[in-house]
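**Student:** Below are the chains, spelled out letter by letter.
Protein chains: 2
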Amino acid sequence: MANEVLIEVSARHIHLSCDVLQKLFGEGYELEKLKDLSQPGQFAAKEIVKIEVKDDKGMLKSFDSIRVTGPCREYAQVEISRTDAFFLGLGYDVPLRLSGNIEGSPGFRVIGPAGEAVLNEGLIVAKRHLHTSPKDAEILGIDSGDKISVEIGGERGLVFNNVEVRVNEDFKLAVHIDTDEGNAAGIVNEGVGIILEK
Amino acid sequence: MANEVLIEVSARHIHLSCDVLQKLFGEGYELEKLKDLSQPGQFAAKEIVKIEVKDDKGMLKSFDSIRVTGPCREYAQVEISRTDAFFLGLGYDVPLRLSGNIEGSPGFRVIGPAGEAVLNEGLIVAKRHLHTSPKDAEILGIDSGDKISVEIGGERGLVFNNVEVRVNEDFKLAVHIDTDEGNAAGIVNEGVGIILEK
Numbered sequence: 001m002a003n004e005v006l007i008e009v010s011a012r013h014i015h016l017s018c019d020v021l022q023k024l025f026g027e028g029y030e031l032e033k034l035k036d037l038s039q040p041g042q043f044a045a046k047e048i049v050k051i052e053v054k055d056d057k058g059m060l061k062s063f064d065s066i067r068v069t070g071p072c073r074e075y076a077q078v079e080i081s082r083t084d085a086f087f088l089g090l091g092y093d094v095p096l097r098l099s100g101n102i103e104g105s106p107g108f109r110v111i112g113p114a115g116e117a118v119l120n121e122g123l124i125v126a127k128r129h130l131h132t133s134p135k136d137a138e139i140l141g142i143d144s145g146d147k148i149s150v151e152i153g154g155e156r157g158l159v160f161n162n163v164e165v166r167v168n169e170d171f172k173l174a175v176h177i178d179t180d181e182g183n184a185a186g187i188v189n190e191g192v193g194i195i196l197e198k
Numbered sequence: 001m002a003n004e005v006l007i008e009v010s011a012r013h014i015h016l017s018c019d020v021l022q023k024l025f026g027e028g029y030e031l032e033k034l035k036d037l038s039q040p041g042q043f044a045a046k047e048i049v050k051i052e053v054k055d056d057k058g059m060l061k062s063f064d065s066i067r068v069t070g071p072c073r074e075y076a077q078v079e080i081s082r083t084d085a086f087f088l089g090l091g092y093d094v095p096l097r098l099s100g101n102i103e104g105s106p107g108f109r110v111i112g113p114a115g116e117a118v119l120n121e122g123l124i125v126a127k128r129h130l131h132t133s134p135k136d137a138e139i140l141g142i143d144s145g146d147k148i149s150v151e152i153g154g155e156r157g158l159v160f161n162n163v164e165v166r167v168n169e170d171f172k173l174a175v176h177i178d179t180d181e182g183n184a185a186g187i188v189n190e191g192v193g194i195i196l197e198k
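Heads up: the sequence lines are chains A and C, in that order. Taking the numbering used here, the leading residue of the first sequence gets 1, the next gets one more, and so forth. Taking the numbering used here, the leading residue of the second sequence gets 1, the next gets one more, and so forth.
Extracted from the complex, chain A is given alone in its bound form (with noise of 0.2 Å):
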């Protein structure tokens, strides 16, 4: 088993539930598509927000433009690095986890054209995973909830141990990382990637 593998870097990103949304921008609003993303359905969306948090000391600090990641979820949670969070002054409080974990992760407010919203939770650092489909996974001889270890070359070259593995059958093969590690590793946007032998 030694199979390349797309490898794409999330930049800070939103996803907003359908009842933010419409605070946000207004009743009966809809996302409007900027363009597609890798995994099916999902599309960077044209709205920006800004998010504002406060730091351990009580000072407000915010990401002005937040690009919004559609469609709408049951859930708003935003997705940044952790050089995000000691920028807005959390630091190790934002924790690392899964899209859709965000059970005690700080809350933050979030401002659109219309209108804002207060959420107690979901802000995390999105913890590097592989998606796959149910058929790449067999085929790959792994299974939901391993961990992969995935080389990089190049000047920057690296191993990613503990990346996370998730099955579904609309997911596309591909690494996620966020800007972190693909600055780390020297890879812009995306590159590629080989899945190490166990």
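Misleading hints may appear alongside valid ones.
[Stated by the list, open to error] From the structure, some residues in chain C lie toward chain A, with a derived Cβ separation under 7 Å:
#, residue
1, SER133
2, GLY157
3, PHE160
4, ASP180
Source of the hints: derived by calculation from the structure; they are not laboratory data. We put the CB at the ideal spot given by N, CA and C, even for glycine.
Chain C: place on chain A using the hints.
**Tutor:** Just chain C, lined up with the frame of chain A:
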């Protein structure tokens, strides 16, 4: 050969020539030590400066407070992360280099309380490297210029390949990485790694 090694994360910082130091802080000025760094003789100074660059659209971008590292060197040099390079609008125009190898790198304006200076080059992303004395290098069976691999454990565990070996009588054994690499590996300030067998 499977040896523990200190990993140190270098935040963005600037080295100044004595000439530039005096332009920024006044004639005869000497840096004041804030704290010693692990490499003998090197220290974080109390002084901070501002640096300014023009991005690829001619817009001014800056970091308002960059820590000076002493003592003075023969050249001025700013070491930033790739994240920082994108923040400055320069991205991959900032080369990945070992400290001191600044030829052809972007220039910058540096501003202190008493004056400023324009440098024609000196902005780099520091290539990850191992500092070692000749004695430790002999024990490890490595030479100057070798590329070694260093494993980091933990939930963001990884293996850094292409860690360049630098040998000097004054060096103390330590791997230096930048903040992107530290964040990607889940290390703040410092941690421990294992030098892997070739």
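**Student:** If a hint holds in the structure, say so; if it doesn't, say that too.
**Tutor:** For each hint, the structure was consulted:
1. SER133: 26 Å, violated
2. GLY157: Constraint on C/GLY157 satisfied, holds at 4 Å.
3. PHE160: 5 Å, holds
4. ASP180: For C/ASP180, the interface hint holds, since the closest Cβ of chain A sits about 4 Å away, which is under 7 Å.
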